[in-house]
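Residue numbers (this note's numbering), protein chains in the order written: chain A, 140 to 696; chain B, 140 to 696.
Treat the hints as calculated values from the structure; they're not laboratory data. Careful, some of the hints might be misleading.
Since the list can't tell identical chains apart, any single copy or any two copies may satisfy a pair.
Unchecked claim - In silico lysine to aspartate or glutamate, EDC-like type, Cα no more than 16 Å apart, as pairs:
{"no.": "1", "residue 1": "Lys509", "residue 2": "Glu571"}
{"no.": "2", "residue 1": "Lys379", "residue 2": "Glu682"}
{"no.": "3", "residue 1": "Lys174", "residue 2": "Glu190"}
{"no.": "4", "residue 1": "Lys379", "residue 2": "Glu693"}
{"no.": "5", "residue 1": "Lys174", "residue 2": "Glu693"}
{"no.": "6", "residue 1": "Lys379", "residue 2": "Asp687"}
{"no.": "7", "residue 1": "Lys494", "residue 2": "Glu534"}
2 protein chains.
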Amino acid sequence: MSIDLEIARAATLAPITRIAAAAGIPEEALEPYGKFKAKVGLDFVGRVRAERPLGKLVLVTGINPTPAGEGKSTTTVGLGDALNHIGQRAMICLREPSLGPCFGVKGGATGGGHAQVVPMEDINLHFTGDFHAITAANNLLAAMLDNHIYWGNALGIDARRITWRRALDMNDRALRSVVGSLGGTANGFPREDGFDIVVASEVMAAFCLAHDLDDLQQRLGRIIVAQTREGKSVTAADLKADGAMAVLLRDAFAPNLVQTLAGSPALVHGGPFANIAHGCNSVVATKLGLHLADVVVTEAGFGADLGAEKFLDIKCRLAGLAPDACVVVATVRALKMHGGVAKSALGHEDVPAVKRGVVNLARHVENMRKFGLPPVVALNRFNGDTAAEIQAVQEAMSALGVEAILCTHWADGAAGAVKLAEAVMRRIAAGEARFTPLYPDDMPLADKIGTIAREIYRAREVAIPDAVRAKLARFEAQGFRQVPVCIAKTQYSFSADPTALGAPEGHVLPVRDVRLSAGAGFVVAICGDVMTMPGLPRVPAAESIRLDAEGRIEGLF
Amino acid sequence: MSIDLEIARAATLAPITRIAAAAGIPEEALEPYGKFKAKVGLDFVGRVRAERPLGKLVLVTGINPTPAGEGKSTTTVGLGDALNHIGQRAMICLREPSLGPCFGVKGGATGGGHAQVVPMEDINLHFTGDFHAITAANNLLAAMLDNHIYWGNALGIDARRITWRRALDMNDRALRSVVGSLGGTANGFPREDGFDIVVASEVMAAFCLAHDLDDLQQRLGRIIVAQTREGKSVTAADLKADGAMAVLLRDAFAPNLVQTLAGSPALVHGGPFANIAHGCNSVVATKLGLHLADVVVTEAGFGADLGAEKFLDIKCRLAGLAPDACVVVATVRALKMHGGVAKSALGHEDVPAVKRGVVNLARHVENMRKFGLPPVVALNRFNGDTAAEIQAVQEAMSALGVEAILCTHWADGAAGAVKLAEAVMRRIAAGEARFTPLYPDDMPLADKIGTIAREIYRAREVAIPDAVRAKLARFEAQGFRQVPVCIAKTQYSFSADPTALGAPEGHVLPVRDVRLSAGAGFVVAICGDVMTMPGLPRVPAAESIRLDAEGRIEGLF
């Protein structure tokens with residue numbers, strides 16, 4: 140059993156009604172799912188929006204991830220717990236983990252050590268069924284699309300130009316590329332198709348960006364599934380699928396309330412991919428948190444170049460949110476890898492490597508300032524970090540006028556992040572935040588891509604083939620010039636080359652393709668290989684997962 | 140809005156904790172899913188098994204279904220309500236409806252009128268997520284199978300002899316027959332594949348027949364997914380998928396408690412197809428009901444020739460259950476159709492047609508006696524039934540020594556089924572039941588099929604091609620001679636010809652194929668076309684389903 144699971148199982152959880160009451164949510168507003176999970180009713184969500192002012196918003200982001208691990212979710216939880224510990228009323232907002240990957244490589248997505256959201260097994264498995272509902276909505280649209288063609292294709296869909304794919308919450312490479320509708324007349328017209336993992340579905344992105352159920356239904360209706368021979372887009376609304384999809388999502392759309400090991404309230408809701416989508420939890424959860432708490436701590440996927448940029452330029456822009464501070468998470472180990480050290484050599488002190496690698500952190504910190512956000516660095520301590528290595532990071536940050544706070548919430552829980560919480564509250568109290576998105580709404584789409592590439596990735600130029608430029612022009616002509624762009628590239632580097640660690644600059648960002656996510660409300664620029672359906676490894680974690688004689692889960696974490 | 144939905148929405152539901160308490164289930168044993176649905180914890184389920192004696196079991200079955208409708212679920216609910224009304228402590232056990240069909244043709248599967256289980260929208264949509272969990276378990280096994288081949292195929296699976304299919308809870312003809320793993324090396328070895336609707340998954344059947352979690356994990360392990368080139372069966376346990384599948388099903392395996400409009404406790408749990416599987420709710424729910432209540436009323440799918448036969452020869456045999464009475468549901472309208480009247484002509488009195496069609500009912504009644512069960516006929520009254528027509532049915536039944544009770548529970552709720560409840564209690568009090576399965580465990584498989592065909596279907600002979608006989612012999616050689624057989628044939632007739640209404644005899648039952656469901660624990664004999672993945676109609680119900688301005692569901696029923 141992993142130490143994370145051992146700690147989670149040893150914890151005594153409070154009834155979710157008590158957690159809710161402390162957070163200002165009355166029992167009548169809860170739809171319990173067992174004793175320790177609940178959905179917060181949408182009537183109540185609407186009411187607090189009308190009645191209560193907004194608290195402060197703190198974004199937790201990180202350096203470019205490395206195999207050494209950074210602990211971003213852990214820091215988000217630890218910071219929230221520490222804020223409550225020092226007397227703030229704080230809530231935590233996180234993404235829901237995907238079920239599929241649990242059976243591939245071991246490990247959950249609910250924090251770790253003494254900074255976890257619980258019940259961790261439930262959250263990592265079916266939780267409250269949200270992802271299953273999103274899967275069903277995605278696949279109902281697909282079924283209605285093929286059914287429309289089967290019964291005569293009145294909309295004139297060009298079957299070669301269908302872009303809507305089916306979805307499952309499963310790592311299953313066999314479904315990436317299929318030919319369906321085989322087997323004769325009764326089964327329809329054979330065509331190429333494929334499945335994505337559900338976190339990559341545009342339904343997920345639309346779900347996470349929708350303001351309310353009505354907005355959700357409208358977004359679902361705008362999803363483009365195919366083109367006609369004349370090049371006209373066919374939407375979910377054209378297929379009359381939007382309503383039934385919204386019905387499937389109605390219950391799921393209510394945010395999920397759980398608790399941390401320290402008893403902080405946490406909203407864990409929605410979980411879009413951070414490459415072809417924007418990678419953060421639902422707007423409805425974040426807003427609920429902001430109306431209930433003095434401070435909301437939330438997280439964005441991957442490093443700050445992808446995750447924070449999308450959180451700010453997509454989610455905050457579209458939802459009208461403005462963060463008050465941000466935390467950039469780093470570890471000595473990961474910075475050493477950015478400084479050129481192999482994972483196998485991380486056990487030795489290597490101050491020069493830290494000094495080389497800290498450029499990655501420094502650039503993310505600078506980038507956050509470009510958005511008008513005051514950054515604090517959380518240096519998430521691992522066993523084996525030496526005093527000299529830690530000092531090297533702190534000195535580098537000090538030179539930039541940034542506090543780098545050593546954190547031990549993994550080992551010590553809330554107490555281990557108190558200094559971080561105090562630093563964050565200092566930044567908020569100083570009122571330094573002047574949040575502005577990186578580019579204005581009315582900039583041409585190609586220029587938006589260029590702005591992100593130059594300002595955030597420090598690319599010399601953006602290579603957009605003519606065919607891709609023509610697609611962008613078409614999107615603009617269709618009325619989608621105002622939307623933000625969502626860049627799908629490797630999370631391991633500022634550049635499109637996953638091996639270029641540290642702080643590369645002067646590189647070229649190659650835009651291979653662009654896609655319009657009209658329901659979600661952004662244009663995806665694909666810069667590199669994007670895997671939307673993972674596979675299982677040679678020995679999947681699933682092989683050692685089972686129920687013991689008492690019906691308890693073995694081997695999941 | 141349908142009248143069923145109008146009645147359901149107008150009802151004031153009791154908190155599920157109160158329903159549970161009245162049924163003898165303490166609040167600590169409940170996992171609530173919202174305020175009106177709960178799962179009953181498996182610890183409690185185990186405890187009552189050890190501590191409390193069994194109540195009486197009443198099976199509700201019916202004549203061969205016709206488009207005129209019979210109201211079997213409605214009668215099951217009405218009878219349960221009426222038993223409580225006359226002072227018995229009764230519980231109702233039903234199947235969970237499948238989500239997919241809701242979007243095809245309008246209509247739910249939770250009873251009707253004043254005899255419904257509620258909350259009907261929840262039960263018909265995601266409910267407590269059981270079917271999604273079963274879908275995930277089914278598809279994890281498929282993913283692990285293809286992954287095993289991808290990474291070297293150490294078990295030597297013959298990819299041409301893979302029988303395991305993927306599953307979705309969706310009506311989607313495009314997925315019936317696909318070729319997967321296309322697109323190059325990274326996606327595996329292309330092969331023919333397909334999806335079934337999840338109620339047709341063997342995981343569903345195993346789930347519904349398992350005694351406890353340990354038995355479930357073992358059944359999952361026995362599921363056969365493929366053959367090797369040498370003809371050796373490859374199981375889920377060989378792929379080491381059984382444990383992770385059981386983990387996915389752990390929470391779902393706890394029975395779901397809801398209520399009827401009259402406040403009776405109802406366990407709605409599991410829902411296998413009634414053709415390629417046994418078509419009744421989970422053993423764990425039925426047994427829980429029997430340990431809690433004085434009388435449990437439960438239902439079997441389709442007409443008694445398929446549904447009751449499987450309930451008795453598969454579920455009761457494997458679970459050690461013995462019913463104390465059975466109710467055969469009929470309507471004047473449906474009997475007129477069995478007497479040759481078209482649906483469009485049902486508006487006119489036609490006593491001769493009733494007399495011709497009542498042979499269908501009479502034969503089902505006789506068949507129930509072959510199992511040693513005392514039958515009562517529930518004549519489910521519809522507007523337009525005339526006194527002379529009703530009398531014709533009652534006289535025919537009287538000649539067989541069977542009470543045919545006119546029921547009006549659809550319109551009148553519990554009061555409308557009091558006479559039925561009294562008749563059922565008379566049969567139970569008389570102690571007439573001598574339940575015996577139709578055939579012994581150790582009869583050869585082909586003879587089991589023959590026995591059902593002769594005794595229940597009244598076929599002259601069974602046509603089993605040599606290749607199919609050879610498969611049966613192989614199953615027996617593999618150690619599966621002792622299992623019951625599950626016949627997949629049309630539900631509309633005693634014969635394999637769906638147009639042969641009334642009481643055909645002397646026909647030939649053609650066995651086209653046989654399959655071994657080693658995890659569920661039966662052999663399926665396929666006699667006719669079996670559709671395991673429905674399609675959507677020209678105008679799917681989904682097109683008119685949507686959320687209104689208050690977030691309420693429109694158009695679902």
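Status of the hints after comparison with the structure:
{"no.": "1", "hint": "Lys509 - Glu571", "verdict": "within (13 Å within a copy, 85 Å between copies)"}
{"no.": "2", "hint": "Lys379 - Glu682", "verdict": "between (42 Å within a copy, 5 Å between copies)"}
{"no.": "3", "hint": "Lys174 - Glu190", "verdict": "neither (28 Å within a copy, 26 Å between copies)"}
{"no.": "4", "hint": "Lys379 - Glu693", "verdict": "between (44 Å within a copy, 14 Å between copies)"}
{"no.": "5", "hint": "Lys174 - Glu693", "verdict": "neither (22 Å within a copy, 31 Å between copies)"}
{"no.": "6", "hint": "Lys379 - Asp687", "verdict": "between (47 Å within a copy, 15 Å between copies)"}
{"no.": "7", "hint": "Lys494 - Glu534", "verdict": "within (10 Å within a copy, 97 Å between copies)"}
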